[in-house]
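Novice: Single-letter residue listing:
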Amino acid sequence: MAQIICQYRKGDDARWISHLDVKRTLERAMRRAQLPLALTEGHNPHPKLSFGPPLSVGITGSAEMFAIHLESTLAPDAVKERLNAQLPPGLQILEAWVLPGYRKKETFGEIDVAEYEVMFGGIGADEVEARIADLLAREQLMVQRGGDRPERSIDVRPFILTVSVMGSTDGEVSLRMRLRTGSHGGARPQEIVELLGLHEGDGLVRCHRTGLYASQQETPRPAAQTRRRWSQTRGRRS
Amino acid sequence: MDLDLDVILPRVQKPARYTGGEWNAIRKDPASVRARVALCYPDSYEVGMSHLGLQVLYHVLNSHPDFAAERCFAPWPDMEQELRSRNLPLFSLESRTPLREFDAIGITLPYELTYTNVLNMLDLAGVPVRAADRGPGDPLIVGGGPGAVNPEPLAAFFDGILIGEGEDAILEIAEAAALRDRRAALDSLAQIEGMYVPSLYRHAPAGPGPLGVVTPLNGAPVHIPRRFVADLDAALFPTHQIVPFIETVHSRVTLEIMRGCTRGCRFCQAHAAYAPRRQRSIETILRQAEEAVAATGYDEISLLAFTSVDYHDIEGLVSALVERFGERGIGVALPSLRVDAFSVTLANKIQEVRKSGLTFAPEAGTQRLRDVIRKQVTEDDLFAAADAAFSSGWHRIKLYFMIGLPTETDEDVEAIGDLVNRLVAFGRGALGTRRGRLQIGVSVAAFVPKPHTPFQWMAQDEMEVIAHKQRIIQRALRDRAIKLSWTDPKVSALEASISRGDRRIGDAIEAAWRMGSTFDAWNERFDFERWQRAFQEAGVAIHDYANTPLGFDAPLAWDHVDCGNEKDALRREAERALSGEAI
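Protein chains in written order, with the numbering used here: chain A, 1 to 238; chain B, 239 to 821.
Next up, chain B with everything else stripped away, as it sits in the complex (with noise of 0.2 Å):
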């Protein structure tokens, strides 16, 4: 293998990307543990070395003394030509074994888009994609991340998928694969509280599009709940955090302040996934930041949390944070912002150390619309924290919105460009003599509908009407100070029917896979017309599982996991949504 790597490494764009040997990567003695465990993340190195939960997971299962976590990542197309035409499997970072050699296979599911990656690497890897025709010889797949919320995509390809958070459960998933038995390591999976295993459920549709129901065989439970750690403060946080020799997307120190979200946006799935809302203490995170700092070398720390501004002492944080490290020359970031003035204050205080844009998310151009959707965010809001930031000099500010959200008419559309319009005039004003710096990003997405939110019923616009909307927008923002930004309406659309999809569309992801997609989160990689291929030879209609409403009263792919939100319940949301009720 060392050996094929020499040739191969000179040949391949970023060869550092499966070379490992970081600062803080562990590698242990095989014969020392009774379970290895690769955890796989289906996105390019740069990516998903910048994602935190694989971090936890590599030092939760690392600081066990019976087990060993490994990473990989999918390797580039370049990389893949290379392995595949020299018959090399797929292999990890740490010690350059073979993914199949593991005891299990952790895979996190961060977005729809990566779901072919994740099918790619495990065929690189030599395991058979669908987890019927797997073997006693074969590791155990798991998976699990966001993208959980609604396995039934996916549900084919694994034989666990962790709904909900996996601190503890990774243990447990470790401890069933030391079985090395496959049969009886399934029987324990099944045992794991939150864990869905797929071959315990039949998949019955009733209907095109999303509509069936999913009943478990053989005394499996009906309802999934999700699974969640009690003690955010208590729970295991990683401070020696990998540091990557190459750049990634974040190369920083990331401390979670807080996870969850009480902030209710309609649309947004955050609270299904991540709730309860849970909490670390200053003291808890001074001293992760302290150790991070010093156990990485990295000169900016990042606080992630959903909104971070609605963290009980933000300010106190902030405040503690900038006071210590910012004469050592380290910056603290700040990514998720509210729509106030409060924010910008706060994003005063860091700006000492670092500047960086600000970025808000209206998400729609009325009142009304903001109410349908529940976007507790007025245009005086906006302006405040517009006005806040220009006169603590910012001149460039990034605006997030949706377009074809339920109910939306021309007129919302319009208000999108008015508003940004009236922004731009009042930046000039604001700005003074500094006018010719304002710059307004202005980046707008088609709205998505997302299983356990009040909106999972709701369709998403057509493509045309997409592109109607898109050009209402354009032609309103002409302004030189406005940069205008759109997600691809085709990727909203197949994200969509994947994001809402049953078991059905798993054979699409696999016709997809099959044709030659994979990375299709990459613009230069996502091919359209593949999928639409790929859709037709599953026998099943982009259409149907993006485009249509669903009946309240219809039985849902996902029901059978349970997020906490009673199905009553997000339908009431959902009408008070219609009838434009904002609380």
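Looking at chain A on its own, in the form it has when it is part of the complex (with noise of 0.2 Å):
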């Protein structure tokens, strides 16, 4: 039994469908596949599946993540092929690999920032630069959350890590920023992109998470180099 690691792209095309609808659409798409995937035991056996932390609709990630367990052994290349045939545009598998046998789950969970970058116009870069800064210099940042149940709110001043402008051509302004993410807490992009006021310019405000990292493992390691140093270290196990 060997458990395969996916880093995939959520594009434009696949941007307005939920986490819920990927994990759908990938297990539709590997039956189609017919990766010879490890069920669950019980009355309604589904497969073995695990994700990173979800993408909010409407926001699109080309560092996103998830874990299959194999029945028996495919090369990692040979799933994402395989996978890559049956997706609809929008989602593609970008690199496949084996988890190193001597762990026996990937943990998601250790992931604890995510990087964006954000593009928007209607806003001078440096008015933006002025925003930040000022952003950046309070104790304090409250959001309100709630959704479907009460409302409350919370600080994610500690969540944001870094934000920064990257460029400006066109009149559009690019932005990157790290914020913390997982079980300890985190901020949203969202709500940062709400904070500096980018959704007031022309109203068009793209978000795309770049990266994945787990910060107590070695310092920020983006996923695929986690790849390159597992097929260094162990081999390419298929």
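Worth flagging that the hints you see were computed from the coordinates, not collected in a lab. Backbone N, C-alpha and C fix where the C-beta goes; we use that ideal spot for every residue, glycine too. Treat the hints with care, since some could be wrong.
Derived DEER-like restraints, expressed as beta-carbon distance ranges [to be verified]:
no.	chain 1	residue 1	chain 2	residue 2	range
1	A	His46	B	Pro303	39 to 45 Å
2	A	Leu161	B	Ser630	57 to 63 Å
3	B	Glu767	A	Glu200	15 to 21 Å
4	A	Gly11	B	Val703	34 to 40 Å
5	A	Gly121	B	Ala468	43 to 49 Å
6	B	Arg368	A	His46	48 to 54 Å
7	B	Lys636	A	Ser72	41 to 47 Å
8	B	Asn586	A	Phe51	35 to 41 Å
9	A	Leu94	B	Ser681	46 to 52 Å
10	B	Lys636	A	Glu200	50 to 56 Å
11	B	Arg368	A	Phe51	48 to 54 Å
12	B	Glu762	A	Leu20	48 to 54 Å
13	A	Ala75	B	Arg334	34 to 40 Å
14	B	Arg322	A	Ser72	51 to 57 Å
Here are the simulated lysine to aspartate or glutamate pairs, EDC-like style, with alpha carbons at most 16 Å apart [unchecked claim]:
no.	chain 1	residue 1	chain 2	residue 2
15	A	Lys48	A	Glu81
16	B	Lys587	B	Asp551
17	B	Lys252	A	Glu95
18	B	Lys728	B	Glu767
19	B	Lys252	A	Asp21
20	A	Lys23	B	Glu485
21	B	Lys728	B	Glu702
22	A	Lys23	A	Glu41
Please assemble the complex out of the two chains, which come individually in their own frames, going by the hints.
Specialist: As structure tokens, this is what we get:
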């Protein structure tokens, strides 16, 4: 039994579907691809599938991750190829690798930092720089969270690691931000977008998650590097 | 358009309803085809994508090299508001093309309470809602589906309404649209077998309610025969069904194993709308099941038929499916069961894979009334079915009943309570130590008279009478194992008046829509007082259409539609019902 980690992209064509929809879509694609999936025991057997931190509806990402258990051995590249042939536009496996045998289970739970790129128009770069400086100078940044449940106030300031202007072209400014994520609390990119008033420009704000990191493991390491490290030290187990 | 959508989509619920791109969706180059057809469903994406008919037509059209079909569903009110406030037209999912730019717009007519959505979709598309107001640049607007057996309420809004099945006719409709000349296309539509072109007929009311004659003009046929596919086994069936990203009403492979129903319940329109009974062979179904599972990746197969148990070798079929797919973790579902022990034995076969509730429809509480409606089910059948279900491990059963049936008395209604209570006692005994888990769902709807059935002449009970009968049942069913649910009698009254409607009801539908009614089939959106105002504005009364018995000799608004049932035969059947003859 092998466990395969896949890093995937959720692109423009799929950004309006929820995390749960992505999960269902992947499960169906895996059945179409006839991957030798290991199923859970019990009345309602389903594939053993675990995911990295979910991506909010409307946001794209290229460092998204999930892990599957296979009943028999299949080269990670074959998993990637067969799955990609069955994925709808907007979802694509970028890399697949075997989880080394010494780790029984991938612990996506260790991921606690997410990096985003935000693009928007209608506000000049200098103005944005000033707003960022103002934002980071504050000791407390309260945001409302609720959805269906009663609203509550949360201070997201401790969850903002960095925010900086990357550049601007043709009136479009791009930002990079690193935010805490995961079970010990985090900030959502939309919250920072609103705190900075970026949506007040021409109304169009694009947000892309570029990286997920586990800061407690080794100082921030992108998922793709993890794969390289594993494949260097353990070799591709196929 | 795309830019505007990026601004709109974050503001609406479930944005993926409007973005398409699902697995198996087909996108063709518009330059490569002679006609583009937008297939519309007048309800939400989740409801429409669970409708097999739409997927059939989609694949018939797209399998043809000369035609392209795209989809569109009724936008939810939040999306409608965004579109209207920005002056954006309704668009197709596949290529985001404004609906107006298609050569034809085909709209499914699934149920009377979706009709305001039909008008709303046309309006959002920028197409005049009344056919008479359309000009050379407008697409051809064609309707079809179960509602077409009485096309009159929607006659004013459609260029053509297909009576019957669309698998073959849709290609002929596309040919007409390919002429790209409104006049010529309308002439060509009129030549299609089963096609009703309302502008070629004049409606002359002969009294209140659905009394009156629809007369052909300029040599149009007096009777429009309902179209049907002769060989279901050979008919195209979409195995590459579109797999929605978002959760829909049914997320599974649907296989139609049989079409038509021969049971002949006197209240039911299925016989008129879907006869004759045709079946697919086991070989064909197994082949289609393999293809569909491979093409979709679904983990459930559902067998579609009015009563799947009436399929010629349902045991053989279910065994073969379970044997083939069970160990791959793919379940088989059988949504339509008969009230008998055989059905339970059959359900037992499939519960090895997945367990779901069992539903039976005795419809009435006494044998006398079941004979009147020709529901060929006895109490013994019901108790045998329940016995088989309880002893096979089920502890949850759902029962469907109707109230307000012709000849019904308070005793018949009291008998529903009595029957259910005896079933509860029986269930407790049969379940023994598991008795605490017993659950009997009781769902009670009001009888709705439907055109082309023996009961088309009968009156629906007044709402106060329905309320009185509901109270009788409510008083009788107090056990905690019973879960009682109703269909709102106001909904049933509206359904009846549109179902038996003529062209004047079309005016009421338009008035209701202009006052803001859409998505009437959704409880939270249904506003009966507004509908009453709309009826009043149109100069018609719900009472005349729903609650008034019609004379056997009177001309009816749907007499020009030929569903294969002779009016005389329906009348004899109605008379037998009134005299209590079961057969």
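Novice: Each hint needs a verdict: does it hold in this structure or not?
Specialist: Hint-by-hint comparison with the structure:
1. Under the hint 39 to 45 Å, the C-beta atoms of His46/A and Pro303/B, about 40 Å apart, fit the expected range.
2. Here the CB-CB span from Leu161/A to Ser630/B is close to 59 Å, well matched to the stated 57 to 63 Å.
3. Roughly 42 Å separates the CB atoms of Glu767/B and Glu200/A, a value that falls outside the hinted 15 to 21 Å.
4. Our hint of 34 to 40 Å for Gly11/A and Val703/B is violated, since their Cβ atoms are close to 59 Å apart.
5. Our hint of 43 to 49 Å for Gly121/A and Ala468/B is violated, since their Cβ atoms are close to 60 Å apart.
6. With their beta carbons about 51 Å apart, Arg368/B and His46/A fall inside the hinted range of 48 to 54 Å.
7. Remark: the range hint 41 to 47 Å for Lys636/B to Ser72/A is upheld by a beta-carbon distance near 42 Å.
8. Here the CB-CB span from Asn586/B to Phe51/A is close to 37 Å, well matched to the stated 35 to 41 Å.
9. The given range of 46 to 52 Å is respected by Leu94/A and Ser681/B, whose C-beta atoms sit roughly 50 Å from each other.
10. Remark: the range hint 50 to 56 Å for Lys636/B to Glu200/A is upheld by a beta-carbon distance near 52 Å.
11. Under the hint 48 to 54 Å, the C-beta atoms of Arg368/B and Phe51/A, about 52 Å apart, fit the expected range.
12. Take Glu762/B and Leu20/A: their Cβ atoms lie about 24 Å apart, and the range 48 to 54 Å is violated.
13. Between Ala75/A and Arg334/B the beta carbon distance is about 39 Å. The supplied range of 34 to 40 Å therefore holds.
14. The hinted window of 51 to 57 Å between Arg322/B and Ser72/A holds, with their beta carbons roughly 55 Å apart.
15. For the hint linking Lys48/A to Glu81/A, the alpha-carbon distance of about 20 Å lies beyond 16 Å, and the restraint is violated.
16. The suggested pairing of Lys587/B with Asp551/B holds, with an alpha-carbon distance near 14 Å, which does not exceed 16 Å.
17. A distance of roughly 30 Å separates the Cα atoms of Lys252/B and Glu95/A; the hinted pair therefore is violated under the 16 Å criterion.
18. The hinted pair formed by Lys728/B and Glu767/B meets the criterion: a straight-line CA distance of about 10 Å does not exceed 16 Å.
19. Restraint check: the Cα-Cα separation between Lys252/B and Asp21/A comes to about 11 Å, which is no more than 16 Å; the hinted pair holds.
20. Of the pairs offered as hints, the one joining Lys23/A and Glu485/B holds, with about 12 Å between alpha carbons and a cut-off of 16 Å not exceeded.
21. A distance of roughly 10 Å separates the Cα atoms of Lys728/B and Glu702/B; the hinted pair therefore holds under the 16 Å criterion.
22. A distance of roughly 19 Å separates the Cα atoms of Lys23/A and Glu41/A; the hinted pair therefore is violated under the 16 Å criterion.
Hint compliance for this structure: hints 3, 4, 5, 12, 15, 17, 22 are broken, all remaining hints hold.
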